[in-house]
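Trainee: So the protein lines, in turn, are chains E and R.
Just so you know, the working numbering puts 128 at position 128 of the first sequence, and the rest follows in order with no gaps.
Just so you know, the working numbering puts 25 at position 25 of the second sequence, and the rest follows in order with no gaps.
Worth double-checking, as some hints may not be accurate.
[Unchecked claim] To spell it out: a stretch of chain E is covered by chain R in this simulated footprint if at least three of its residues, at any positions, have a beta carbon under 8 Å from a beta carbon of chain R; those stretches are:
no. : stretch
1   : 18-25
2   : 53-60
3   : 139-153
In case anyone wonders, no lab produced these hints; they're calculated from the structure.
Where a beta carbon is used, it is the ideal one built from N, C-alpha and C, also for glycine.
Each chain, letter by letter, is given below.
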Amino acid sequence: MIMRLRLRKFALTAHVTSSIGWLGAVVAFLALDITAQNSRDVQTVRAAYLAMATLIWYVLIPLAVAALLTGIVQSLGTTWGLLRHYWVLFKLVLTVVAAILLVQYSQTVADRAAVAASIADPRGLPSFLLHSVGGLVVLLVVTILAVFKPRGMTRYGWRKRRDQQRKDEQRKVPVP
Amino acid sequence: MDGEALTTVVESLMIMSARLRKFALTVHVISSVGWLGAVTSFLLSPLRA
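With the sequences and hints as input, model every part of the structure.
Mentor: As structure tokens, then:
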């Protein structure tokens with residue numbers, strides 16, 4: 001099920017945009033978190049928590065889902081495959097884990113934003129630093145894997161390659 | 001050495017090694033497309049405010 005060149009390029013563009021856009025949005029989230037922890041102004045802290053809740057629902061989760069789906073399409077529609085190379089497999093696992101943790105954590109962020117909106121002084125509310133820095137590191141590793149594509153095929157990948165080579169040999173027409 | 005040959009030599013000296021090129025590409029993609037993600041965040045952050 002290999003995609004045509006144009007479709008492949010379109011899928012690649014969508015995947016790069018969503019996955020690294022997700023990384024950029026995590027940096028924006030981190031900046032808001034640092035602002036919420038360090039600002040002395042009550043309104044700024046409140047606004048930062050509300051903006052973080054908006055970011056997680058309207059930017060981070062949609063980009064994470066888009067990155068995961070476009071990544072699966074991209075790998076299944078090219079010769080790389082989804083389970084043939086270790087780097088693709090690690091990328092998939094890291095993306096799935098990061099997306100699940102993000103969705104799970106979204107309720108905590110929403111709850112904290114609600115508290116920040118309702119109390120008189122939201123300064124001193126706990127930080128999201130551990131999760132946002134962790135997410136950033138995971139997404140950086142995923143990006144590095146995608147660019148460097150380290151060698152190493154899975155057992156399934158070797159089996160598929162052997163099957164393909166056998167088929168290619170059978171197709172060869174003997175030259176008279 | 002004529003001008004054309006000199007240009008070829010200079011160009012070949014300026015080509016980055018494969019590892020350096022991949023590193024530069026990683027940094028460039030992260031900064032440029034990450035910027036796009038940050039702009040999206042900026043654009044959508046007033047949604048629930």
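Trainee: All the hints need checking, so say for each whether the structure fits it.
Mentor: We went through each hint and held it up to the structure:
no., hint, result
1, 18-25, "holds (count 6)"
2, 53-60, "holds (count 6)"
3, 139-153, "holds (count 5)"
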